[in-house]
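> Model the full structure from these sequences, guided by the hints.
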Amino acid sequence: MNGWTGQILRVNLTTKTFQVEAFGEKFAHKWVGGRGFAVKILYDELAPGIDPLGPDNKLVVAVGPIAGIPAPNTGKTVVAAKSPITGGYGDGNLGTRMTEHLRKCGYDALIVEGRAERPTMLYIEDGKVEFLPADEVWGKGTYETNDWIYAKYGKGVGVLNIGQGGENMVRYAVVRSLEGRAGGRPGMGAVMGSKRLKAIVAKGTRPIPQADAAGMKKLGTDDLRTVHEMDKKSGWSIQSTTGVLAWCNEVAALPVRNFRKTHHPDAWKCDGERLNNARIATYGCPNCTMRCGITIHDDLGRESELDYENVGLLGPNLEIFDLPPIGALNYMCDDYGIDTMSGGCVLSFYADAVEHGAVSGDLRFGDAEGFKKVLTAIALRQGRIGNLLAEGSMRAAQAFGRGSIDYAMQVKGLEVAAYNCKFIPGMALAFGVSPIGAHHKESWVITFELKQTSRESYGPEKAQKVIDLQRIRGGLFEYIVACRFPWIELGWSLDNYPKYFKAVSGIDWTLDDFWKVSDRVYSMIKLFWLREFPASDRRLDYPPAVWFDPANADTEGPIAGQHLEYDKYDGLLQHYYDIRGYDRRGFPTKATLARLGLSAEAAAAEKFGSLA
Amino acid sequence: MKVTVKLIGPFVNLHGFSEKAVEVPPSSTIDEVLGLVGIDKARPKIVTRNGRAAAAGEKVEEGDRVVVSPIYSGG
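From first to last, the protein sequence lines stand for chains D and X.
To convert a position in the first sequence, counted from 1, into the numbering used here, add 767.
To convert a position in the second sequence, counted from 1, into the numbering used here, add 2.
It should be emphasised that the hints constitute simulated quantities derived from the structure, not laboratory data.
Given the structure is predicted, the values throughout are model-derived calculations rather than measurements.
A few of these clues could be false.
Stated by the list, open to error - Pairwise CB distance ranges (calculated):
| no. | chain 1 | residue 1 | chain 2 | residue 2 | range |
| --- | --- | --- | --- | --- | --- |
| 1 | D | 1379 | X | 20 | 50 to 60 Å |
| 2 | X | 6 | D | 1169 | 40 to 50 Å |
| 3 | X | 54 | D | 1335 | 11 to 21 Å |
| 4 | X | 6 | D | 1318 | 27 to 37 Å |
Don't be surprised by glycine CBs; every beta carbon is placed ideally from N, CA and C.
In structure tokens:
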């Protein structure tokens, strides 16, 4: 079957056994790969209500049909499981050589089941699977673990690993790969840790089945060169994503002081210009010519790789504006294997809770050394506070009480990314309806919202744009598994992706065919949520309450006195549901599911919750 | 009258400054201000005036802050 290896590797850590399972064209064409494969597998195989940190959860590692083949920014892999922080479907993608090696071992996906008796490293080499002891690196950070793996197998292998955050089941621990960055914000690292799975290593040598391998090779390598030239011409990589910081500060969208403020006069100290000046190296994923990671020395001289989200949330959000301590907090998150975004939001939430008397403590905004101590307590689950904060801001707020849930910056349990939506209704909606909890990867609508529409509007044009972007970003790029940057930052045409798909699979799809898959994948994720939370309603899609609070409105600047309004937000949410074909609770209707070929899945879901 | 022009991202490197005060004739438009500092009209960008999106023909006022940024897509 061209375009897919047609095989999934299933591994059981409890029994130390594995089996290779075949899948056919029907499955491949319906779900394509990556997120599509992951949600279908998890929906079919996980019983509702299982403990996400128990042996019954499964970790899915999945790639797409153009994975492992040189083409613009195709070095990404999806990691997915039932999320320990949201309780719903969770996933993330990361750049890694695992992408190429998993496919060259002969698999489009890996399913990890059970729980190992001892810390384990899974080693896959073509048809071989080994369960190896990892006691030597259990308790070690991701950098040392990665070095240990490279010393054994060389630098060319594919690696996914976790740090102490994953081992200790911090609910927002990520999966790391030093060849790219981190993935699986909704706790995929914690799921690995719960299975005592320290690392997965793969080394593959088998050919990847392609309809037109020679044509794809030429197309992919030519296009990599073209994208590289486009990037050089545009100058995007000079500051990469970190240019966003200065812009957010100008338009009152920067998270400052746990999102209480939207801009700060000192923000320039950690903006893209300063980062570029402090740069000692540049980092990128396999098959990428837009190397977006800017590496600087932190305050201990360690090399810390930064992008906008982690600077925004570990910097201004904590009222820290000097790059070296921001770099240090980022390095610690990366080494512990903790999500930098949720990590930043949890730290800022704690400082806010102390300030507002919800919990006693001496942590203050701006205290970098204090934040470092709390971060270590979280990663190692030290003490009551470390343990509570390791649960994420939603659960910590439930424990602290005193109204602190209102300023826990999360949706569905997952913390928001670095965009302060105090008065950006469309982006607030994008966070609200992101299918894995608040994440910017699904739909980044701010520039459209500010440039093409009125900021004050809660109209259907914003809901439509959120959906359009979800179909591309949370759909196409998550199941074909490629990075969105060439398209969104350089204008690389989306029409290129059906060309790649045709070259590898022989299938001639239009972009509309892909959008149908996107809608199917989103609906499937919704069914996963329905099964887990059958009594839930549209309030699950509401952003943090503090954005609606008049007392929290800016007192000066571009949006002084303005804030989100519940009635209007609810209307915007309804526009989204109407366009999507969802009911008033926010779930796809039976008619929508039938149109997307999901009638059987709908019938299965109705055993647990009703559909309109 | 004077306005401040702030550039973001690659615009800084293209034009050799990050932020500067610019003397402009009264009733100048955003487009005219950008023309004075040499910003390419055809290059995709988002322009704000005092933190709110600004149209090309919008008139500037004394003390305004005009910001020119690429159309980012997030981190």
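> None of the hints should be skipped; say for each whether it holds.
Status of each hint after checking the structure:
1. D/1379 with X/20: 50 to 60 Å: Given about 54 Å between the Cβ atoms, the range holds.
2. X/6 with D/1169: 40 to 50 Å: holds (43 Å)
3. X/54 with D/1335: 11 to 21 Å: This hint holds: roughly 19 Å between Cβ atoms.
4. X/6 with D/1318: 27 to 37 Å: holds (31 Å)
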